[in-house]
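With chain A fixed as given, assemble chain B onto it according to the hints.
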Amino acid sequence: EVQLVESGGGLVQPGRSMKLSCAASGFTFSSFPMAWVRQAPTKGLEWVATISTSGGSTYYRDSVKGRFTISRDNAKSTLYLQMNSLRSEDTATYYCTRVAYYFDYWGQGVMVTVSS
Amino acid sequence: NIVLTQSPATLSVTPGESVSLSCRASQSISTSIHWYQQKSNESPRLLIKYASQSISGIPSRFSGSGSGTDFTLSINRVESEDFSIYYCQQSYSSLFTFGSGTKLEIK
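Chains as they are written, first to last, in our numbering: chain A, 1 to 116; chain B, 1 to 107.
Just so you know, not all the hints are guaranteed correct.
[To be verified] Some chain A residues flagged as far from chain B (calculated, every beta-carbon gap over 10 Å):
{"id": "1", "residue": "G44"}
{"id": "2", "residue": "T50"}
{"id": "3", "residue": "G66"}
{"id": "4", "residue": "S71"}
{"id": "5", "residue": "Y80"}
{"id": "6", "residue": "Q82"}
{"id": "7", "residue": "S85"}
{"id": "8", "residue": "S88"}
{"id": "9", "residue": "Q108"}
{"id": "10", "residue": "G109"}
{"id": "11", "residue": "T113"}
[Unchecked claim] Restricting the straight-line Cα-Cα distance to at most 27 Å, the calculated cross-link-like pairs of lysine-lysine (DSSO-like) are:
{"id": "12", "chain 1": "B", "residue 1": "K39", "chain 2": "B", "residue 2": "K107"}
{"id": "13", "chain 1": "B", "residue 1": "K103", "chain 2": "A", "residue 2": "K19"}
{"id": "14", "chain 1": "A", "residue 1": "K43", "chain 2": "A", "residue 2": "K65"}
{"id": "15", "chain 1": "A", "residue 1": "K76", "chain 2": "A", "residue 2": "K19"}
{"id": "16", "chain 1": "A", "residue 1": "K43", "chain 2": "B", "residue 2": "K107"}
{"id": "17", "chain 1": "B", "residue 1": "K103", "chain 2": "B", "residue 2": "K39"}
{"id": "18", "chain 1": "A", "residue 1": "K19", "chain 2": "B", "residue 2": "K107"}
{"id": "19", "chain 1": "A", "residue 1": "K65", "chain 2": "A", "residue 2": "K76"}
{"id": "20", "chain 1": "A", "residue 1": "K19", "chain 2": "A", "residue 2": "K65"}
Derived from the structure by calculation, the hints contain no laboratory data.
Being a predicted model, the structure only gives us computed values, none of them experimental.
Beta carbons are placed, not taken as given, at the ideal position from N, Cα and C, and that holds for glycine.
Isolated chain B (complex conformation):
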């Protein structure tokens, strides 16, 4: 199975800062990576598909990059509503897997 490693586990930032979250795959997966946001007690929400493709209705401050094994989710100027947990997911294999998540918290 393809293992996704997210780092850091927790990221403490001040609103207005820009951040980058990392997701590393255990083998090359082209751009078959997708990013989700999960707020407390809510269902996850799709943010980015295929590493860098935007999703309708998602603020433009969210962007993604990467290919192969290393991927990044960037948030430009974090807002208060962005403090939540972020997960990456691969679809290169039919046996989908998620990363363990990065919690974005207020410093």
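Bound conformation, chain A alone:
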């Protein structure tokens, strides 16, 4: 059974940093691109970033480019999202997803609240 379990969320002040993790199991992690998708409270889904199987290629939405870094450790079957210079508009539930051009498996999500 595919499982994606996010961790690392919480309350953080504007301008500070936070790192999310996603532990994957139930599939060959190194064979799939992975992504983060977020959802602000009462809002729709918003793709954040994608990483290729090797980690050699990454893609970001414009609003997080230069502030967020997606990475992966295939030996640990873990996906990461390093978020720097956080803003109030980054407040959202962040989902870890497996990518096959579509998002076929989703984690339960982790809440990130950016507030002073």
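Using the frame of chain A, we list chain B on its own:
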């Protein structure tokens, strides 16, 4: 970036009715559209891939159609468990985007 416009924003229906939800792309994207269902306080679930391809475990009352810029998600005879929000997503560009969603509610 490719913009996806979903309509209507809200659709009020009676259980047993059949419905169609629309997703329009700002440029031609072939069949690179996928549909998701999100129930309240749950993670999204993949319903349809590549415009019309079914997903294992998804009820057969859900179907998709379209190509180019206009896409439709159809639900044949809506059941009570179907009342939720539906999103489309494109993978034509590496910069993925979602539509703003259609909320299916009970009339």
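Which numbered conditions among the earlier hints are violated in the structure presented, ordered from lowest to highest? 1, 2, 9, 10, 13, 18
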